[in-house]
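A.B. asks: Under my numbering, the residue at position 98 of the sequence shown is numbered 98, and the numbers go up by one with no gaps.
Please keep in mind that the hints were generated in silico from the structure rather than gathered at the bench. Every residue gets a Cβ at the ideal spot worked out from N, C-alpha and C, and that includes glycine. Misleading hints may appear alongside valid ones.
Unchecked claim - DSSO-like cross-link-like pairs, simulated, lysine-lysine; straight-line CA separation at most 30 Å:
#1 LYS59 with LYS128
#2 LYS127 with LYS59
#3 LYS59 with LYS104
#4 LYS104 with LYS127
To be verified - The following label-pair restraints were derived from C-beta to C-beta distances:
#5 GLY58 with GLU29: 33 to 39 Å
#6 LEU107 with THR70: 29 to 35 Å
#7 GLN82 with LYS59: 27 to 33 Å
#8 THR70 with VAL47: 29 to 35 Å
#9 ARG97 with ASN122: 16 to 22 Å
#10 VAL132 with VAL47: 18 to 24 Å
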Amino acid sequence: MKKQCIMFLVCAMAGILAAQEMEKQSSSELTVAESVLCENVEDRTPVGEATTFPETIGKVYFFTAIEGATQPTQIKHVWYYQGNQMADVSLTIQYPRHRTWSYKTILPEWTGEWSVEVIDENATVLKKASFVIGEKQTTEAESETEE
1 MKKQCIMFLV CAMAGILAAQ EMEKQSSSEL TVAESVLCEN VEDRTPVGEA TTFPETIGKV
61 YFFTAIEGAT QPTQIKHVWY YQGNQMADVS LTIQYPRHRT WSYKTILPEW TGEWSVEVID
121 ENATVLKKAS FVIGEKQTTE AESETEE
């Protein structure tokens, strides 16, 4: 009886460790195959791709195609305005290639630099995209290179 209990405990521990390792692998193997900042998403397709949007845009969408999930997992789109976190959107990834998106409502006075990050369950940043609300401010050096 004692041997059976020990064998049961060993098997249970091995199963728990294998499940934990599988969970780590599923998150760490995720990749962002496509990421697009856009004005809308229609029929699972980004519309109006851009990196600069007018103050009157209302909403900016972030479309991502995620690859590598071997089981359902979570990612986040984390939105930042001038370095301050503005939103944290959890998204479930269910398929080996999964298209998903989130959007951030933008008030007209929120002009300037924005970014959004794709973060997996292990808090690893898989992708970062930056955009501007309003006219992009150019430096003197940038102006000279455009001429």
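A.B. asks: Would you mind marking each hint as holding or not holding in the structure?
C.D. replies: Going down the list of hints, with the structure as the test:
no.: 1; hint: LYS59 with LYS128; in the structure: 18 Å, holds
no.: 2; hint: LYS127 with LYS59; in the structure: 20 Å, holds
no.: 3; hint: LYS59 with LYS104; in the structure: 5 Å, holds
no.: 4; hint: LYS104 with LYS127; in the structure: 17 Å, holds
no.: 5; hint: GLY58 with GLU29: 33 to 39 Å; in the structure: 36 Å, holds
no.: 6; hint: LEU107 with THR70: 29 to 35 Å; in the structure: 40 Å, violated
no.: 7; hint: GLN82 with LYS59: 27 to 33 Å; in the structure: 19 Å, violated
no.: 8; hint: THR70 with VAL47: 29 to 35 Å; in the structure: 31 Å, holds
no.: 9; hint: ARG97 with ASN122: 16 to 22 Å; in the structure: 20 Å, holds
no.: 10; hint: VAL132 with VAL47: 18 to 24 Å; in the structure: 19 Å, holds
In this structure, the earlier hints numbered 6 and 7 are contradicted, and the remaining ones agree with it.
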